[in-house]
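Start from the sequences, fold in the hints, and give me the full structure.
Which chain is which? The protein sequence lines are Y and Z, in order.
For reference, each letter of the first sequence is one residue, going 1 to 285 in the numbering used here.
For reference, each letter of the second sequence is one residue, going 1001 to 1285 in the numbering used here.
No wet-lab data here; the hints were simulated from the structure.
Treat each hint with caution, since some may be false.
Not the full set, but computed from the structure, chain Z residues with beta-carbon under 7 angstroms of chain Y [unchecked claim]:
| no. | residue |
| --- | --- |
| 1 | V1187 |
| 2 | E1194 |
| 3 | L1206 |
Positions of the beta carbon are idealized from the N, C-alpha and C atoms, including for glycine.
Each chain, letter by letter, is given below.
Protein chains: 2
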Amino acid sequence: MTEPEEAQTGRSLAILCGGGAFPLEVAAEARRSGRAPFLIGVVGASEPGIEAYPHVWVRIGEVGKLFGALKQRSVAELAMIGSFGRPDFSDLRLDWGAVRRAAELSDLFRKGDNGLLTGLARIFEREGVRVVGAHEIAPGLLAPAGPLGARAPSADDEADIALGARLIEAMSRFDVGQAVVAAAGRVVAVEAAEGTDAMLARVAELRQSGRLRRRGLAGILVKGPKRGQDLRLDMPAVGPDTIRNAIAAELRGVAIAAGRVLVIERDRCAREADAAGLFACGFRP
Amino acid sequence: MTEPEEAQTGRSLAILCGGGAFPLEVAAEARRSGRAPFLIGVVGASEPGIEAYPHVWVRIGEVGKLFGALKQRSVAELAMIGSFGRPDFSDLRLDWGAVRRAAELSDLFRKGDNGLLTGLARIFEREGVRVVGAHEIAPGLLAPAGPLGARAPSADDEADIALGARLIEAMSRFDVGQAVVAAAGRVVAVEAAEGTDAMLARVAELRQSGRLRRRGLAGILVKGPKRGQDLRLDMPAVGPDTIRNAIAAELRGVAIAAGRVLVIERDRCAREADAAGLFACGFRP
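What follows is the structure, encoded as structure tokens:
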């Protein structure tokens, strides 16, 4: 445990853990690089696995408890990792720390994801905690440029990737989604509140129902951050689930913005894509 | 029957009927305004109700038969109404008229909806048939500006309508969809290949699963043509099904671009929206 030393140097790192295995992967990567992360579990969101690290559990709304824990551990850097959903503000049990910031917090919940997270980061930073991104504490998880596995995109695929990337760019200022599916010059799905997995399930359904018929594999999932997206707060991610959903949608491949998307379990992603005949690659944004 | 006279004047009108009741509504409206439409049914797509009019049935791929019928009836104007799906080109049984145009037709099927329909129109026009839109032969079906029923949008609703309209505009050059759902400043769904009804079903699901929680009615369906969309070929439409799906998604209202969206069964739309406490209105694009 190098954790007490780290607290003394004032670089103590906390990870606010949203749902899924991703926070644990970032924590493991941070630990490999010599950090000693303190994990903050959110009741109803985080995995029990966070208890393998020094941790505290908070409920949404226990803002005072959260800041108390950060102060007690002299946390200087905080990463918010994983998905937090979008709680209904009127459902929350608020502690005093939340009530003190209530107007500000309730404002945040009316905004798009960008507005919400930017506002949260501002509140943390005002308390003296620097918000960092997964890419800063676990850069080994970033998508490389080029194929992850054996297959690479064809020239036609590259055209679809470019189309998808341009659409994500054009939608940037609307704070919509981070992913689209493009097939042979046509955009067939755009992600918004449903998320990437639900979008891929929709494409699978459209193909099974014959409303989006094509022989064999067709379509590419293109995923990357919006222009101006603060990667410290909202870093797109893909993992084996993404690959599996792309396989179920009979896509030709998955293309992610190199250096700007995190890849969870990269080897497994590559293996599963290879086995199904898909490509998975990082494209230069 | 004024139809033989009309054929003599060279203004004979044909309607290529896609799926749903919409072609029949356009035919009835055209008849009310003194035209005598000749209906072309597409096997597997058109309703049997087209047989109440002078008609012919063709299969997709029977391009020669289609052009033969147009010539025989001296058709001068043709409207393509309703949804035609997107047939897999390799499935088609092609007649000689199709084979003669095969390269051109197969090119079309690789493009987005705009490209496909524009190309089809070009082929018709080259054969001397002017392609007209539902708005030209049935202008009584166009959305008015302002409320269809008793309720009108609030100032906040107007802001969401403007947001949705701006996003549709920004996506125009990508030939994606014609509808989005905006809720309290946030875009929660974007339509692509799945169509408006499936998008609304998704929003209903997101709300039921709690992934898009809000108390009471929330969100507005905003629908209108893309910038530069040829309304002769692809006119957005709403009808009682749209209203019913918006009710199921617990939306606050439905907003359509005035003069640029067709409303099927307007009275019924207004009545059903009123009964459920939704607004339905035309907005000035």
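Now for the hints, and whether the structure bears them out:
no.	hint	in the structure
1	V1187	5 angstroms, holds
2	E1194	6 angstroms, holds
3	L1206	6 angstroms, holds
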